[in-house]
Amino acid sequence: MRAFLMLAAAVLSLAGCSSGSDDANAVLNDANASGVDASAEVLNTAMAAADTPLERKAALAKIKERHEGYEKIGKAMRAAKQAIDKEDLGAVRTSADRIATLAPQAIGWFPLGTGPDVAKTGAKADIWQQRAEFDKGMANFNEAARVFQATTAGGDFGAIKEAHANLGKTCSACHDRFRSNMHD
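Numbers -20 to -1, 1 to 164, taken from mature numbering (1 follows the signal peptide of the UniProt record, and there is no 0), label the letters of the sequence shown in order.
Please note that the accuracy of each hint is not assured.
[Unchecked claim] Simulated crosslink set (DSS-like; lysine-lysine; CA at most 25 angstroms straight-line): (1) Lys55 / Lys66; (2) Lys52 / Lys66; (3) Lys66 / Lys116.
[Claimed, not checked] Estimated spans, in silico, between C-beta atoms of each pair: (4) Lys52 / Glu123: 28 to 38 angstroms; (5) Gly148 / Thr32: 27 to 37 angstroms; (6) Ala99 / Ala139: 34 to 44 angstroms; (7) Asp106 / Ala139: 42 to 52 angstroms; (8) Arg111 / Gly54: 19 to 29 angstroms.
Hints in this document: simulated from the structure, not taken from any laboratory.
In this text the structure is predicted, and so the values were computed from the model without any measurement.
Heads up, the beta-carbon is just placed ideally off N, CA and C, and yes, glycines get one too.
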């Protein structure tokens, strides 16, 4: 069920700015909270909304949100590295929590209509042309963020350092394939 809910959340995030997504998100959140699977109808609604490109004004706002979100993730990654080097567990946990909070939001920063054909962005068109591969990379990033956050609870800096490095590898894997030299 967890995999189903992760897939459903990813689909709903893609539809984040389209009509009907608030209702779909509410149903999915209720289902997740109660432990009941979300209906196929909700997923179909979300997928249909995900196929509709954003209007220019909404697209530009989403590109800005994406840029700001990734700036926050990058800042938290750097802060985590510095805190790991200093063995400052509190600061590492704060950074890990920040990353784990932002990671699930990231998939929603790439709706159809927010690519380089719309505005200046570091996101390559390959994201929308190879969506399944991109989504797989985003799922890996989310999982690595959760593992990094969970690892900080143990306080073992060797394990924390390894989890942070693994998280960084998931970032690099997507950046190498789906981000141009110009960053957004």
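Results for each hint:
Taking the CA atoms of Lys55 and Lys66, the gap is near 17 angstroms; set against the 25 angstroms cutoff, the hint holds. Taken as a hint, the Lys52 and Lys66 pair is honoured in the structure, with Cα atoms around 21 angstroms apart against an allowance of 25 angstroms. At most 25 angstroms may separate the alpha-carbon atoms for a hinted pair to count; Lys66 and Lys116 exceed this at roughly 33 angstroms. Taking 28 to 38 angstroms as the suggested C-beta distance range, the pair Lys52 and Glu123 does not conform, at roughly 19 angstroms.
Distance hint for Gly148 and Thr32: a CB-CB separation of about 34 angstroms, consistent with the stated range 27 to 37 angstroms. Remark: the range hint 34 to 44 angstroms for Ala99 to Ala139 is upheld by a beta-carbon distance near 41 angstroms. Separated by about 34 angstroms at the C-beta atoms, Asp106 and Ala139 break the suggested range of 42 to 52 angstroms. A beta carbon spacing of about 24 angstroms between Arg111 and Gly54 agrees with the range 19 to 29 angstroms that was offered as a hint.
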